[in-house]
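Chemist: Let the sequences and hints guide you as you build the complete structure.
Residue numbers (the UniProt record's numbering), protein chains in the order written: chain A, 1 to 343; chain B, 1 to 343.
In short, the hints are calculated from the structure, not lab data.
There may be inaccurate statements among the hints.
[Stated by the list, open to error] Some chain B residues near chain A, calculated using beta-carbon distances under 7 Å:
| # | residue |
| --- | --- |
| 1 | V251 |
| 2 | M254 |
| 3 | Q257 |
| 4 | P263 |
| 5 | G265 |
| 6 | V266 |
| 7 | T267 |
| 8 | L269 |
| 9 | A270 |
| 10 | L272 |
| 11 | I273 |
| 12 | R276 |
| 13 | V277 |
| 14 | K278 |
| 15 | E280 |
| 16 | L283 |
[Unchecked claim] Cut-off 30 Å, straight-line C-alpha distance, at most; resulting in silico cross-link-like pairs (DSBU-like, lysine-lysine):
| # | chain 1 | residue 1 | chain 2 | residue 2 |
| --- | --- | --- | --- | --- |
| 17 | A | K72 | B | K217 |
| 18 | A | K61 | B | K217 |
| 19 | A | K175 | B | K278 |
| 20 | B | K234 | A | K217 |
| 21 | B | K278 | A | K61 |
| 22 | A | K234 | B | K234 |
| 23 | A | K234 | B | K61 |
[As the list claims (entries may be wrong)] A short list of chain B residues far from chain A (calculated; beta carbon distances all over 12 Å):
| # | residue |
| --- | --- |
| 24 | F18 |
| 25 | P151 |
| 26 | A215 |
| 27 | V308 |
For each residue, glycine too, the CB sits at the ideal point set by N, CA and C.
2 protein chains.
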Amino acid sequence: MAELRNKQVILNNYVVGFPKESDMSIVEGTITLKVPEGSSDLLLKNLYLSCDPYMRFFMTKEDNPLGIGTYKLHSALRGDGVSQVVESGHPDYKKGDLVYARTRWEEYSLIPSSEICLKIEHTDLPLSYYIGVLGVSGLTAYAGFFEVGSPQKGDNVFVSAASGAIGQLVGQFAKLNGCYVVGSAGSKDKVDLLKNKLGFDEAFNYKEEPDLNAALKRYFPEGIDIYFENVGGKTLDAVLPNMRLHGRIVVCGMISQYNLTQPEGVTNLAHLIFKRVKMEGFLIIDFFHLFPKFLEFVVPLIREGKVVYVEDIVEGLENGPAALVGLFSGRNVGKQVVDVSRE
Amino acid sequence: MAELRNKQVILNNYVVGFPKESDMSIVEGTITLKVPEGSSDLLLKNLYLSCDPYMRFFMTKEDNPLGIGTYKLHSALRGDGVSQVVESGHPDYKKGDLVYARTRWEEYSLIPSSEICLKIEHTDLPLSYYIGVLGVSGLTAYAGFFEVGSPQKGDNVFVSAASGAIGQLVGQFAKLNGCYVVGSAGSKDKVDLLKNKLGFDEAFNYKEEPDLNAALKRYFPEGIDIYFENVGGKTLDAVLPNMRLHGRIVVCGMISQYNLTQPEGVTNLAHLIFKRVKMEGFLIIDFFHLFPKFLEFVVPLIREGKVVYVEDIVEGLENGPAALVGLFSGRNVGKQVVDVSRE
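Modeler: Laid out in structure tokens, this is it:
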């Protein structure tokens with residue numbers, strides 16, 4: 001029975017504060033290319049892996065706020081990926097099928113078929129898109145903006161981490177919906193991208209704004225109807241007094257807070273009352289039923305060039321740890337992807 | 001033309017931090033008991049005045065977060081009251097009518113008819129109830145709990161400032177709706193009231209709980225479905241990690257924060273994501289259309305003794321400033337009312 005090399009990214013230790021590359025190691029194991037007898041598992045060859053901020057939660061030993069356990073030390077990280085079925089124990093999948101799955105940071109993974117998010121059918125689009133615009137990042141932007149945000153034509157929309165995997169799509173969806181859209185990001189290049197490639201009306205570099213409140217007043221003299229929240233902390237505190245009556249804050253993430261032992265305090269929450277604002281957190285697991293509807297919506301837009309998607313692809317599992325860690329310093333420009341099989 | 005003494009409570013200066021009795025004065029003016037020729041105003045004799053936390057916002061000179069101006073210095077405070085029409089310039093009202101109105105802290109007030117909230121018709125119930133359970137306090141509890149909170153039978157409900165004007169009703173409405181209800185308050189007497197008179201399942205004195213998070217875990221081992229937020233700050237921060245999946249935080253007030261130059265920072269907002277919580281602020285002005293429906297709901301409950309209402313009534317305008325200031329130290333037990341005309 002064929003035994004193959006199976007390179008993995010494993011977690012060396014639980015993390016406190018900002019994750020470092022040295023919290024992970026690259027190791028070489030082996031794997032038998034065979035699904036165990038009688039099992040309905042799938043053996044996958046991982047092609048692309050997704051770097052997602054939520055992975056940080058699994059690196060904390062205790063008090064995991066999601067209550068969903070942690071990564072096992074010295075085992076391959078878990079994460080989303082685009083993979084090809086090498087051998088299938090499940091009748092719905094066959095060798096050669098492409099899937100978007102909750103897989104592991106390694107070359108080959110044996111996973112239960114229940115971990116498949118989507119069988120990939122539109123193979124004329126880049127495969128990496130299935131962990132981005134055509135995957136959970138896209139669905140998150142779609143469900144968050146349209147279902148949680150309840151946008152109206154003409155709404156003033158602010159997106160933080162706007163050039164990221166999700167933010168760039170929220171801005172484009174908002175523009176398609178007739179909204180005025182401003183994004184914040186952490187470098188001049190990202191700001192240029194937002195304005196020149198992604199069609200945002202305005203964008204600013206939050207690192208160059210000593211007074212975020214004043215910046216928001218400048219871009220939203222009439223206030224913000226929808227704030228798509230990806231960062232939390234100081235940005236949220238500056239947004240609150242700038243919300244418009246009956247505004248919505250869609251809480252997708254708070255990446256600026258995930259590595260802080262003591263999160264920044266948000267002091268302006270009373271504006272939720274004054275402006276009658278709804279602030280709502282969501283997780284994409286509640287919206288998986290929208291996946292088919294979302295793909296019907298977004299695939300034609302991509303084909304027509306009305307939605308574009310910026311990816312930041314690193315080559316090789318070896319570069320995975322740096323890519324993952326880079327999310328928290330904003331190193332990535334667009335969706336951070338690890339290309340596993342092209343190495 | 002009759003000129004009468006018109007005692008008033010006026011604001012001496014704008015307030016920074018906690019308001020003090022000395023920020024207000026009692027003065028004696030006079031008033032002509034006549035509506036100006038051609039005006040549609042009403043001349044009211046004020047019977048009961050309502051002490052409300054929101055009044056604090058009008059005492060701040062700058063940066064009034066509601067954007068609705070401030071009290072005029074050396075003029076009578078504005079506030080809600082139950083009044084009797086002495087003379088009417090408007091065809092809908094006649095001498096002797098009882099009204100619930102946005103009036104002033106004085107014996108007699110000349111106000112536009114547009115400031116009437118409600119013409120009082122059920123005069124078999126205590127008149128003071130119309131600034132409490134039958135007025136905006138009651139409607140706030142009703143709209144906040146039922147419209148914003150979307151309660152389900154069996155929900156776990158936590159109410160802060162639970163013996164206050166609004167909290168005591170939220171708890172009773174929740175019990176009538178088949179919920180499990182726990183309230184927090186700031187004294188043993190209030191806790192006894194909640195458990196023995198107002199029908200809360202449990203209640204605790206937050207001043208005697210060094211670890212609010214642990215207290216909430218004790219009373220809500222399965223988490224909180226609805227938090228009716230009256231206080232903000234540390235209490236909110238302790239509630240967030242104790243929310244249940246798809247919980248709702250109804251933000252009615254944040255009284256603990258109104259007098260702080262620098263509000264307390266809330267650090268646990270990322271739990272909005274993990275638990276998919278909706279946190280929504282509201283102001284009662286958006287729900288005035290529910291007033292008739294609310295009265296149909298609550299009046300029979302009061303008559304049958306299924307809803308009770310605890311008031312803290314002080315006699316005489318002279319005692320108004322102390323009563324108003326007392327809201328912020330929790331001096332009042334139940335709805336704080338000033339009886340103006342019985343002095």
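Chemist: So, for every hint listed, does it hold in this structure?
Modeler: Results of checking the hints against the structure:
no. : hint              : in the structure
1   : V251              : 5 Å, holds
2   : M254              : 5 Å, holds
3   : Q257              : 6 Å, holds
4   : P263              : 4 Å, holds
5   : G265              : 1 Å, holds
6   : V266              : 5 Å, holds
7   : T267              : 4 Å, holds
8   : L269              : 6 Å, holds
9   : A270              : 5 Å, holds
10  : L272              : 3 Å, holds
11  : I273              : 4 Å, holds
12  : R276              : 5 Å, holds
13  : V277              : 5 Å, holds
14  : K278              : 4 Å, holds
15  : E280              : 4 Å, holds
16  : L283              : 6 Å, holds
17  : A:K72 <-> B:K217  : 28 Å, holds
18  : A:K61 <-> B:K217  : 21 Å, holds
19  : A:K175 <-> B:K278 : 25 Å, holds
20  : B:K234 <-> A:K217 : 29 Å, holds
21  : B:K278 <-> A:K61  : 28 Å, holds
22  : A:K234 <-> B:K234 : 18 Å, holds
23  : A:K234 <-> B:K61  : 26 Å, holds
24  : F18               : 16 Å, holds
25  : P151              : 17 Å, holds
26  : A215              : 18 Å, holds
27  : V308              : 27 Å, holds
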